[in-house]
Amino acid sequence: MTCKKTYEEINEKIRRGEAVVVTAEEVIDVVAEKGYAKAAQEIDVVTTGTFGPMCSSGVFINFGHSKPRIRMQKVWLNGVEAYGGIAAVDAYLGATQVADNDPENKVYPGRFMYGGGHVIHDLVAGKEIRLEAISYGTDCYPNKKVDTVITLADVNEAFMFNPRNAYQNYNCAVNLGDKNIYTYMGVLKPRLGNAAYSTAGQLSPLFNDPHYRTTGIGTRIFLGGGVGYVAWNGTQHHPNVPRGENGVPMATAGTLSLIGDLKQMDPHWLVGLSYLGYGPTLAVGVGIPIPILDEEMLRYTAVKDEEIFCPVVDYHQGYPYGNHTDLGFVSFKDLKSGKVTINGQEVVTTPQSSYPRARQIAGILKAWIQAGQFELTQPVAALPGADSQIDFKSLPDRQPNGVLSMVRNRR
Amino acid sequence: MKNRVVLYFSAVQSEQPIIYQLIKNTDLIVNILKADINPQKEGYLVVELEGDKPHYEAGIKFLENLGVIVEPLSQTVVWHDELCIQCGACASFCPTQALSIERESMIVSFDNSRCVVCGMCLECCPTLAIKLHFELKEAV
Ligand code: SF4
Ligand code: SF4
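Protein chains in written order, with our numbering: chain A, 1 to 411; chain B, 1 to 140.
Everything hinted at is true.
If you want the footprint, here are the derived chain B segments under chain A, 3+ residues with CB under 8 Å: (1) 75-89; (2) 92-101; (3) 122-131.
Simulated pairs of lysine-lysine, DSS-like, Cα-Cα distance not exceeding 30 Å: (4) K304(A) <-> K5(A); (5) K144(A) <-> K263(A); (6) K2(B) <-> K53(B); (7) K41(B) <-> K131(B); (8) K53(B) <-> K179(A); (9) K131(B) <-> K339(A); (10) K24(B) <-> K106(A); (11) K2(B) <-> K179(A); (12) K106(A) <-> K131(B); (13) K127(A) <-> K131(B); (14) K53(B) <-> K34(B); (15) K179(A) <-> K131(B); (16) K24(B) <-> K53(B); (17) K34(B) <-> K106(A); (18) K127(A) <-> K144(A); (19) K24(B) <-> K2(B); (20) K2(B) <-> K106(A); (21) K34(B) <-> K179(A); (22) K61(B) <-> K41(B); (23) K179(A) <-> K333(A); (24) K61(B) <-> K24(B).
Here are the computed distance ranges between Cβ atoms for each label pair: (25) D36(B) <-> N105(A): 21 to 29 Å; (26) S105(B) <-> E104(A): 31 to 39 Å; (27) G79(A) <-> N112(B): 30 to 38 Å.
Read the hints as simulated data drawn from the structure, not as lab findings.
All residues carry an ideal CB built from backbone N, CA and C; glycine is no exception.
Produce the entire structure from the sequences given, and follow the hints as far as they go.
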């Protein structure tokens, strides 16, 4: 490896407007034409993108104080509850929160017309939102009820803080049962009627940096149309899974926890979704720049759809009940073609994440960097890597009686 | 058989328990899909009627005898491009390729002329960008 660049050298080129930036799709063609070594010398940054449902997302909001003041115990935005168990006028609204008056799955499958993800979209779109809060009243916070209308511009702070985004690889979901099932992967038709997948493949951030060499805590990114940062590894970050020779995991692996100022974001890149029979959620746009520090990084970013494999998982018995059937793997190239072969059967594929929008995000990030508006950051700390010993834990099944009496005795 | 029809009511008819009688007299399964009655008590019901052929025909006759205007339902599917996020989920459910993905760009488009209004795409769209549009006349 002859070519080596530092973050500072790349940023210097970005400042001078001389950085060579390509998307994670374009890099594939550059490599085909020029080979790895030459491409690594020429290219400074590769941009990635993904846009799809990311349930583990939400926003922290500080509403400002009412007169008289209230310590908001329970909070609703357009009838969707936000978590108020933090300081007086702070709350966290989660993407999958169901509206209080939603009929849920009582008429199965429920439609879930409006939930947390939709409120986030409406907030970012600058729409007026009804804010209701109740409390029991204290000497310092005497008010017991607030019912007003706010917009994003009215609140003090609003920042998106997503516990788990940008999954590195995801299951391809099928249904081995004999009736329709309604999941967070969409409608799955019986007897292998379709195969749903949710990843941007060769454009997806963590497929292009499979060992988290340049993506770590503090990495500056595109988030929801604004600038955000990697805050931590995401929940369920499980990097120590089987990987191909190219380092790409063969199962759900790394995840990222992301943070960014909601006030800079754009409703086009944060869209509320309604999954039939499952619930509301939010489609989030994420783009991560990858500095080409050396030829190794370039090789990672040149990964192609045909080199990325997703495990096929049955959502009838396998995923919900843990009675797994081995259904093998399918390549992202085949998934994107519209048909895959599973158990010798040809199956139509149903995408959940938007490839056209992933491509747009990589393009926008590229333009930001080319315009000198967006510099790269060296991670403050690395994420746990493929050699870490992380157990993927399940919930213990224990009798709570003893614990309950302990809690009571503490009073 | 199963069929979807629009029933146009006048004020007199909307005050009678027509649907109750329809079910009771003809044994049809009646599923109300959409209803609108204006303040003058005129309006329409979009219903799905299910039953064997003699019952179905008796049901239609019963309604017509009461002066209810029965018309076949004409519906169209409307695709709201501005709400669509181009995920492509709908295209995999569409039996006629009215909704289809151009594989190179992965861009979804809708060709109304190929749509047979089967309704398969409506449920799977997470942005509710595909809607069923009932074509209705002014209430009589
Ligand atoms: S209604 Fe049926 S035919 Fe028409 S676009 Fe939807 S799935 Fe295709
Ligand atoms: S399912 Fe809905 S959002 Fe997705 S491509 Fe079809 S119309 Fe667009």
